[in-house]
Amino acid sequence: MSSLAIDVAGINKRFGDKHVVRDLTLQVRQGEIYGFLGPNGSGKTTSIRMLCGLLRPDSGRGTCLGLDVLRESAAIKRQVGYMTQKFSLWDDLTIAENLDFVARMFGMRGRREAVNQALDELGLSGRRQQLAGTLSGGWKQRLALAACLLHQPRLLLLDEPTAGVDPKARRDFWEEIHRLSAAGITILVSTHYMDEAERCHRLAYIAYGSLLATGTASEVVAGCRLHTWEISGEDIHHLAERLRGMPGADQVATFGATLHVSGQDRTRLQDSLRTLAEDTGVGVVAVTPSLEDAFIHLMRQAEDPLAA
Amino acid sequence: MEAFSLSRWIGILRKEFIQLKRDRLTFGMIVGIPIIQLMLFGFAINSDPKHLPTAVVMADPGPYARAYVAAMANSDYFRIVGQVDEKQADELLDRSQVQFVVTFAPGFHRDLLRGRSPTLLVEADATDPMATGGAISVLRSLGVEVFAADLPGLQRRPTPPVDLRIHRRYNPEGITAYNVVPGLLGVILTMTMVLMTGLAMTRERERGTFENLLATPATPLEVMTGKIVPYILIGLLQVTLVLLAARWLFDVPMHGSLPLLYAVVLLFICANLTLGITFSSIAQNQLQAMQMTFFFFLPSMLLSGFMFPFRGMPEWAQVVGNILPLTHFLLLVRGILLKGNGIGMLWDQVWPILAFMLVVLGVGLKTFRRTLD
Numbered sequence: 001m002s003s004l005a006i007d008v009a010g011i012n013k014r015f016g017d018k019h020v021v022r023d024l025t026l027q028v029r030q031g032e033i034y035g036f037l038g039p040n041g042s043g044k045t046t047s048i049r050m051l052c053g054l055l056r057p058d059s060g061r062g063t064c065l066g067l068d069v070l071r072e073s074a075a076i077k078r079q080v081g082y083m084t085q086k087f088s089l090w091d092d093l094t095i096a097e098n099l100d101f102v103a104r105m106f107g108m109r110g111r112r113e114a115v116n117q118a119l120d121e122l123g124l125s126g127r128r129q130q131l132a133g134t135l136s137g138g139w140k141q142r143l144a145l146a147a148c149l150l151h152q153p154r155l156l157l158l159d160e161p162t163a164g165v166d167p168k169a170r171r172d173f174w175e176e177i178h179r180l181s182a183a184g185i186t187i188l189v190s191t192h193y194m195d196e197a198e199r200c201h202r203l204a205y206i207a208y209g210s211l212l213a214t215g216t217a218s219e220v221v222a223g224c225r226l227h228t229w230e231i232s233g234e235d236i237h238h239l240a241e242r243l244r245g246m247p248g249a250d251q252v253a254t255f256g257a258t259l260h261v262s263g264q265d266r267t268r269l270q271d272s273l274r275t276l277a278e279d280t281g282v283g284v285v286a287v288t289p290s291l292e293d294a295f296i297h298l299m300r301q302a303e304d305p306l307a308a
Numbered sequence: 001m002e003a004f005s006l007s008r009w010i011g012i013l014r015k016e017f018i019q020l021k022r023d024r025l026t027f028g029m030i031v032g033i034p035i036i037q038l039m040l041f042g043f044a045i046n047s048d049p050k051h052l053p054t055a056v057v058m059a060d061p062g063p064y065a066r067a068y069v070a071a072m073a074n075s076d077y078f079r080i081v082g083q084v085d086e087k088q089a090d091e092l093l094d095r096s097q098v099q100f101v102v103t104f105a106p107g108f109h110r111d112l113l114r115g116r117s118p119t120l121l122v123e124a125d126a127t128d129p130m131a132t133g134g135a136i137s138v139l140r141s142l143g144v145e146v147f148a149a150d151l152p153g154l155q156r157r158p159t160p161p162v163d164l165r166i167h168r169r170y171n172p173e174g175i176t177a178y179n180v181v182p183g184l185l186g187v188i189l190t191m192t193m194v195l196m197t198g199l200a201m202t203r204e205r206e207r208g209t210f211e212n213l214l215a216t217p218a219t220p221l222e223v224m225t226g227k228i229v230p231y232i233l234i235g236l237l238q239v240t241l242v243l244l245a246a247r248w249l250f251d252v253p254m255h256g257s258l259p260l261l262y263a264v265v266l267l268f269i270c271a272n273l274t275l276g277i278t279f280s281s282i283a284q285n286q287l288q289a290m291q292m293t294f295f296f297f298l299p300s301m302l303l304s305g306f307m308f309p310f311r312g313m314p315e316w317a318q319v320v321g322n323i324l325p326l327t328h329f330l331l332l333v334r335g336i337l338l339k340g341n342g343i344g345m346l347w348d349q350v351w352p353i354l355a356f357m358l359v360v361l362g363v364g365l366k367t368f369r370r371t372l373d
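Residue numbers (my numbering), protein chains in the order written: chain A, 1 to 308; chain B, 1 to 373.
None of these hints come from the bench; they were simulated from the model. Keep in mind that this is a model prediction, so the values were computed, not measured. What you were told as hints is all true, and nothing was included just to trick you.
Cβ pair distances, simulated, as ranges:
# : chain 1 : residue 1 : chain 2 : residue 2 : range
1 : B       : 7         : A       : 85        : 34 to 42 angstroms
2 : B       : 5         : A       : 255       : 37 to 45 angstroms
3 : A       : 74        : B       : 42        : 51 to 59 angstroms
In silico lysine-lysine, DSS-like type, Cα no more than 25 angstroms apart, as pairs:
# : chain 1 : residue 1 : chain 2 : residue 2
4 : A       : 140       : A       : 86
5 : A       : 86        : A       : 168
6 : A       : 168       : A       : 140
7 : A       : 86        : A       : 18
8 : B       : 366       : A       : 18
9 : B       : 227       : A       : 86
Backbone N, C-alpha and C define an ideal beta-carbon position, used for all residues, glycine too.
Looking at chain A on its own, in the form it has when it is part of the complex (with noise of 0.2 angstroms):
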């Protein structure tokens, strides 16, 4: 039972009449990354910030560390350490004061000292009396992450934490989040970055609202029962158009120079691509679908219903 640091179930959240969050259910294990994915407003932030007690759910019921996410708020959001979307410190502060304020809000004690280690371990303690607000992106970043576990939480929710951050902070970010995985911290993380996804214990594919997939990325990718086969030719923008009229290919996506067509009905897309292959020379090579035909695959489910 403890070992499940976010159990929650049947979470709904409205502003006015948009339906936000539709039947939240979620579970995370204590010590796993677990990746939250989904299209921009699909109710990720919203879900977040129910979880660490910033919003109210309007229904619904479970628990966050043990602690009632409905009625003891209060006590989740010390234990939780939450990193916003934007960069949410205080421009105007130095450094070393927007870490001190957070150990202030938190009621610390030791307060000096916490704060002089996450200086020494971001390596800016040279630059303390800098303003925040002068720090290039990805230092920002680091910052804010620092600032999130300085009250030693044990579940840490970071909203899209490596957006308009340049590939190596994102990779030494990402390695950080594994050290502290390692170190028994629970973190759940939304992202956009499939290779981020794929760092990721186990995910969960929200889209609308609605959940849709859960599961380890192979798992999540199992569950959309999708055949692939990677095509391989000269104008493959022009073939794209062609596939997409062709019996049984469900999608076709632009992977690099070549193209991922899929399908649930395996043998007609089969035939569809033998005639395809004589016709015109190109290369076809059966593939095990990647994550992002999985997410693909799920976006559309997701949006049929809406346009029919």
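Chain B: place on chain A using the hints.
Below, chain B without anything else, positioned relative to chain A:
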């Protein structure tokens, strides 16, 4: 150099108008401010106020005294509110309930008939010299005409028929600074307190730091009060600066108790901070908070009696003016500093400020809860 493109230029114009239309508050300002200014300057403001409330102390009732009072009323500058005794008259002046007290000395009737120029004492509340100027000059020309019909020999006498003595109470020399400097206390506090708190909260929201603050265990009460208290201190500092200047630069008399003054100032600061916080929970960004402050500040300046005599305004403008805390604060400050009013005489002005504060607080709490969730 590219040629001026008309279609591109029209594109920019169009975009500007669309954005203007979306920003309701700015649009409201553009239309509202000229209308408000027209109404205020055109109709409400009158620097030659008439119908000023006047109490009469009649030590010697007689036909001439009555004729004189009637003539005052006919001049349109005075509105006779009734007869009182001397003690009541003093209190009415102290409480700013009348602008003038006219006292007919004992033996007025007899002395007038005998040509002895009886004393006619007119006491004016001269805290605002502008408010009484017109009425006093009318009074000076009144004496002879009133009695001319009944006392034919009057014009040939060497001395004037009555010895008109005008006492400018609280400000005998009619120094404008006595009125303006205490008034500035209120104006400065209104401006800075409402604006600073309005910006303090919207700034957090605009920059996204509010979310961070809410993610910590800090409670809304801690956040609100923690953000307000620094401004209370700033307000008290401002007051101290103005008072020092009033005392040493402008020689404004300070008859009342300073602790009492500071207590009143504190109440006024709280009322303005409440308004600022409420603005900040309604406003979406700092610009809107500033616009709201301006919207409130303009009538406060013009309708409170700071710039123009309160009693010169028509009824509706006085009703609006009475809602504003500044109107009452001005009376309180002038009452304490210039008239030496004690704690017992303040309630008339204190309760409207309290009422304003409670109503605004109610609105603020309602909107604050909504924006949190």
